[in-house]
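> Single-letter residue listing:
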Amino acid sequence: MQFLRAILLRLATTAVTLFGAALIVFVVVRVVPGNPIAMMLPPNATEDDVARLRALYGLDKSIMEQFVIWLGGVVQGDFGTSISLRRPVAELVLGRLPATLELSILALILAVALGGAMALLGTRWRGRRTEAAVDVANGVGMSVPDFLWGLLLILLFGVLWPLFHISGRVSPQLDLPFSTNFYLFESLLRLRFDITADLLAHMFMPSVALALPLAAIIGQLLKQSLKETMGLDYVTLARTKGYGETRVILREALRNAVLPTLTLVGVQFTFLIGGTVIIERLFSYEGLGNMAIDAVINRDLPLIQGIVIVFAALFTAVNLVVDLTYAALNPRLRHA
Amino acid sequence: MKANLTRRSLLQATTAGVALGAMGLPARAQEIDELVIAYNVNLPSWDPTTGPSAVNPTIQGIYQSVFDMFIHQNTDLSPAPGLITDWGWNDDDTQVWMDVREGVVWHDGEPFTPEDVVWSLERAADPESGNPIQSTWATIGNFRIDGNRITGDVLQYDPTIFKWMYFLTGYVLPKHYYERVGAEGFEEAPIGTGPYMVDSFERNAFVRLRANPNYWNGVAEFETVTIKFVTDATSRVAEVESGNSHVTLEMPYEEYDRLRQRPNIAGTDMPISDIGMIFINDVEPMLDRNVRLAMHYAIDKELIIDRLLSGYGVPIDTMQTPDYLAYDPSIEVPTDPERAQELLAESGYGPDNPVRFTIQTTRGFKPKDYEIIQAIVGMWRRVGIEAEIEVYEIAQHFELRAADELAPAAFYNWGNAVGDPTTSTGFAMYGPSPHSVWDGQDLIDMINPLWGESDEEARIEGWQEVDRYIAENGLVIPLLQYVQPILHDPRVEVTQHASGALLPHLMRRA
Numbered sequence: 286m287q288f289l290r291a292i293l294l295r296l297a298t299t300a301v302t303l304f305g306a307a308l309i310v311f312v313v314v315r316v317v318p319g320n321p322i323a324m325m326l327p328p329n330a331t332e333d334d335v336a337r338l339r340a341l342y343g344l345d346k347s348i349m350e351q352f353v354i355w356l357g358g359v360v361q362g363d364f365g366t367s368i369s370l371r372r373p374v375a376e377l378v379l380g381r382l383p384a385t386l387e388l389s390i391l392a393l394i395l396a397v398a399l400g401g402a403m404a405l406l407g408t409r410w411r412g413r414r415t416e417a418a419v420d421v422a423n424g425v426g427m428s429v430p431d432f433l434w435g436l437l438l439i440l441l442f443g444v445l446w447p448l449f450h451i452s453g454r455v456s457p458q459l460d461l462p463f464s465t466n467f468y469l470f471e472s473l474l475r476l477r478f479d480i481t482a483d484l485l486a487h488m489f490m491p492s493v494a495l496a497l498p499l500a501a502i503i504g505q506l507l508k509q510s511l512k513e514t515m516g517l518d519y520v521t522l523a524r525t526k527g528y529g530e531t532r533v534i535l536r537e538a539l540r541n542a543v544l545p546t547l548t549l550v551g552v553q554f555t556f557l558i559g560g561t562v563i564i565e566r567l568f569s570y571e572g573l574g575n576m577a578i579d580a581v582i583n584r585d586l587p588l589i590q591g592i593v594i595v596f597a598a599l600f601t602a603v604n605l606v607v608d609l610t611y612a613a614l615n616p617r618l619r620h621a
Numbered sequence: 002m003k004a005n006l007t008r009r010s011l012l013q014a015t016t017a018g019v020a021l022g023a024m025g026l027p028a029r030a031q032e033i034d035e036l037v038i039a040y041n042v043n044l045p046s047w048d049p050t051t052g053p054s055a056v057n058p059t060i061q062g063i064y065q066s067v068f069d070m071f072i073h074q075n076t077d078l079s080p081a082p083g084l085i086t087d088w089g090w091n092d093d094d095t096q097v098w099m100d101v102r103e104g105v106v107w108h109d110g111e112p113f114t115p116e117d118v119v120w121s122l123e124r125a126a127d128p129e130s131g132n133p134i135q136s137t138w139a140t141i142g143n144f145r146i147d148g149n150r151i152t153g154d155v156l157q158y159d160p161t162i163f164k165w166m167y168f169l170t171g172y173v174l175p176k177h178y179y180e181r182v183g184a185e186g187f188e189e190a191p192i193g194t195g196p197y198m199v200d201s202f203e204r205n206a207f208v209r210l211r212a213n214p215n216y217w218n219g220v221a222e223f224e225t226v227t228i229k230f231v232t233d234a235t236s237r238v239a240e241v242e243s244g245n246s247h248v249t250l251e252m253p254y255e256e257y258d259r260l261r262q263r264p265n266i267a268g269t270d271m272p273i274s275d276i277g278m279i280f281i282n283d284v285e286p287m288l289d290r291n292v293r294l295a296m297h298y299a300i301d302k303e304l305i306i307d308r309l310l311s312g313y314g315v316p317i318d319t320m321q322t323p324d325y326l327a328y329d330p331s332i333e334v335p336t337d338p339e340r341a342q343e344l345l346a347e348s349g350y351g352p353d354n355p356v357r358f359t360i361q362t363t364r365g366f367k368p369k370d371y372e373i374i375q376a377i378v379g380m381w382r383r384v385g386i387e388a389e390i391e392v393y394e395i396a397q398h399f400e401l402r403a404a405d406e407l408a409p410a411a412f413y414n415w416g417n418a419v420g421d422p423t424t425s426t427g428f429a430m431y432g433p434s435p436h437s438v439w440d441g442q443d444l445i446d447m448i449n450p451l452w453g454e455s456d457e458e459a460r461i462e463g464w465q466e467v468d469r470y471i472a473e474n475g476l477v478i479p480l481l482q483y484v485q486p487i488l489h490d491p492r493v494e495v496t497q498h499a500s501g502a503l504l505p506h507l508m509r510r511a
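Residue numbers (the numbering used here), protein chains in the order written: chain A, 286 to 621; chain B, 2 to 511.
Since the hints were made in silico from the structure, they are not lab data.
Mixed in with the good hints there might be a few duds.
Simulated DEER-style distance windows between Cβ atoms [said to hold, decoys possible]:
{"#": "1", "chain 1": "B", "residue 1": "T76", "chain 2": "A", "residue 2": "L356", "range": "48 to 54 Å"}
{"#": "2", "chain 1": "B", "residue 1": "E389", "chain 2": "A", "residue 2": "V312", "range": "29 to 35 Å"}
{"#": "3", "chain 1": "B", "residue 1": "D154", "chain 2": "A", "residue 2": "L356", "range": "44 to 50 Å"}
{"#": "4", "chain 1": "A", "residue 1": "G362", "chain 2": "B", "residue 2": "E389", "range": "44 to 50 Å"}
{"#": "5", "chain 1": "B", "residue 1": "D77", "chain 2": "A", "residue 2": "D363", "range": "47 to 53 Å"}
{"#": "6", "chain 1": "B", "residue 1": "D440", "chain 2": "A", "residue 2": "L445", "range": "42 to 48 Å"}
Predicted model only: the values in this text are computed from it and were never measured.
Just so it is clear, CB atoms sit at the ideal spot from N, CA and C, and this is done for glycine as well.
In isolation and in its complexed conformation, chain A is listed as follows (with noise of 0.2 Å):
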């Protein structure tokens, strides 16, 4: 009863959360230089023809008007029309999303992965090279940016060694037979591997950029908190009983080092979520962030605020996700 009644409670701050978000967006979209009919004037534009483009997309009114206006609609679901799309914006966005939420798990998975390989070989290995070159690619890992990896790949094995798919989401040649956006998830359930195949092709490169440097991260992290976890008294007890280092930290250092870990990972997905509008745009690939960029440079107010609105929405379900992940996983927390 109290874990629901937290949860009511939290989803309740999750909605002041957002109006507080959409409010300030709302705000500032319009407040910043730059506007969406200055863009769209032609050359011969007069300042009739200003007034009417004004009124047709309802910048004629106040700013708190505006607003009304358009929560009204969103109430409703109504998220208003996309100026340059021409689209509503509510079938934009959520078009878009599934995308960018196969794009983000695929990295996740990748990071975790690789960090949680990197972490284990770390410590199962301490004190010797294996450690210390753990350590570097670590450090190479967390210092080099996203956008610098997908430009490295790009050269590897989209220029000098071709493997993969430089742009895109999927070859333009294949027929899609899903009825969802979430082409990865629906290609698997409908065994058409050489869709899925054809959809891991392109996201290789996006999702290995998006992931290395959170791989790096959980890595060192994961590597930190194993090693402490192998100086406690059960870990020394579980070698006395004779099992293998590799046992004791498979089977009893990590179920105990693996909580700090997973609040961090938690807070680096909505990061890495927020990494995609670089790496989606790099790399073409038709999601979420690379139609904000094209929202922002067109001053597609309505479709800005969409955006951030499903970005804040993600945000906060995230981490809701990942409180309540570590309540099951942690019994002091689980019964309090």
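Here the structure of chain A is known, so what remains is to put chain B in place on it, guided by the hints.
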């Protein structure tokens, strides 16, 4: 079993690995079945007559692949018979007439008719349609159809009305189809009469086109064309380097020079209808003619083009490029730093007492834009002008320009795909226009009679006089005409269009 790593086995393994990897490489030796173009911008909307994309010059190449304009345009910017084969005014300029091409069909097989032309013109003139150039289209109306001839009344005389028929928003859309499917349906499945039909479209990703087998102007050579939207220049270059795309455009000139040397990549370039210029706002210290002229005289445009743009650019002294109708080579503003110093000295300025102001520029919007302004500021400093650079976004430029709040000097580019002086000097320098920041009444008075001048020769001469007056008084600083670089597979022959539009139907197998 023990594996022995010898030099031979390593060589064999490496060869096998490379061969395996090469299986994924596009085969360059084969003939190209499907042309793939890495395009530099996204296509936001399929309606070429409404919204911001309607006035975005970079997208027009995609629109012209699917839709026909009322009047066609040759690669040198001159008009050519299109869906309208012949056109003109009556003797007293109170009516316009247009002859409509016969035997054309829409992509859905329905016949193209004069009703489509009238509907497109009336829709463009409708204030509710969202056409950004509605006021121009509203200068003609009350259309009548007689056979394949359309006649309409001139509601307000505009000598450039037929030029707009091959410029922004000058497209013919299908009346029957649009009325049936509506705006949303048209976005989902657009049709036109153009050389290509839309096969599939993934927003922000690609559009796949199929050649229109019934195209009235000859079937395009490539049956299938995929246009991938690759907005990042590095990725675009990589697309061509890897062989994933056959054609791409707009990359740094250094990259262009480097890559065109390779045996599997060719390069094509030509000057296009896009210029770099510095707007001058009529605020202090720009109210001083000596300062304005000194700014212009101090700039060595040849040096900038040579050093910063690898020689790709054409220096200009007016807003007309050599391809434009009102180009007058006798109007010159030579590089003359000594003259600049003399002019500044007349106004009490010099290297020890420089005139100070702010210059705004974009950074990364056009090739080496910021670096060009840095170089110019350096040239100015030597003669006694101290300019502080302020970087702004292109959206800010548009808003500041429309509000007449640009800094005393502001760098921008100006496209003019019809090459008419009204759409360059006219709208950029006519005070009441939201695009002009120079509001001098003398210039407004010079330009006013030209808007309605029906004698074409007198009209062009009039604009040349305006350009001369602008140059003599330093009211704007035109810098250079841009060159468009295109990298492509040597198996493709690319024909460039002076408007800058990249048109797949002009590409052939080499």
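> Does each hint fit the structure? Answer for all of them.
Against the structure, the hints:
A hinted range of 48 to 54 Å for the beta carbons of B:T76 and A:L356 is consistent with their spacing of about 51 Å. At about 30 Å, the CB distance of B:E389 to A:V312 agrees with the hint of 29 to 35 Å. Against the hinted window of 44 to 50 Å, the Cβ-Cβ separation of B:D154 and A:L356 comes to about 47 Å, which satisfies the hint. Our hint of 44 to 50 Å for A:G362 and B:E389 holds, since their Cβ atoms are close to 49 Å apart.
For the hinted restraint 47 to 53 Å between B:D77 and A:D363, the CB-CB distance of approximately 48 Å keeps it satisfied. Checked against the given bound of 42 to 48 Å, the beta carbons of B:D440 and A:L445, roughly 56 Å apart, lie outside it.
The structure is inconsistent with hint 6 alone, although it conforms to all the rest.
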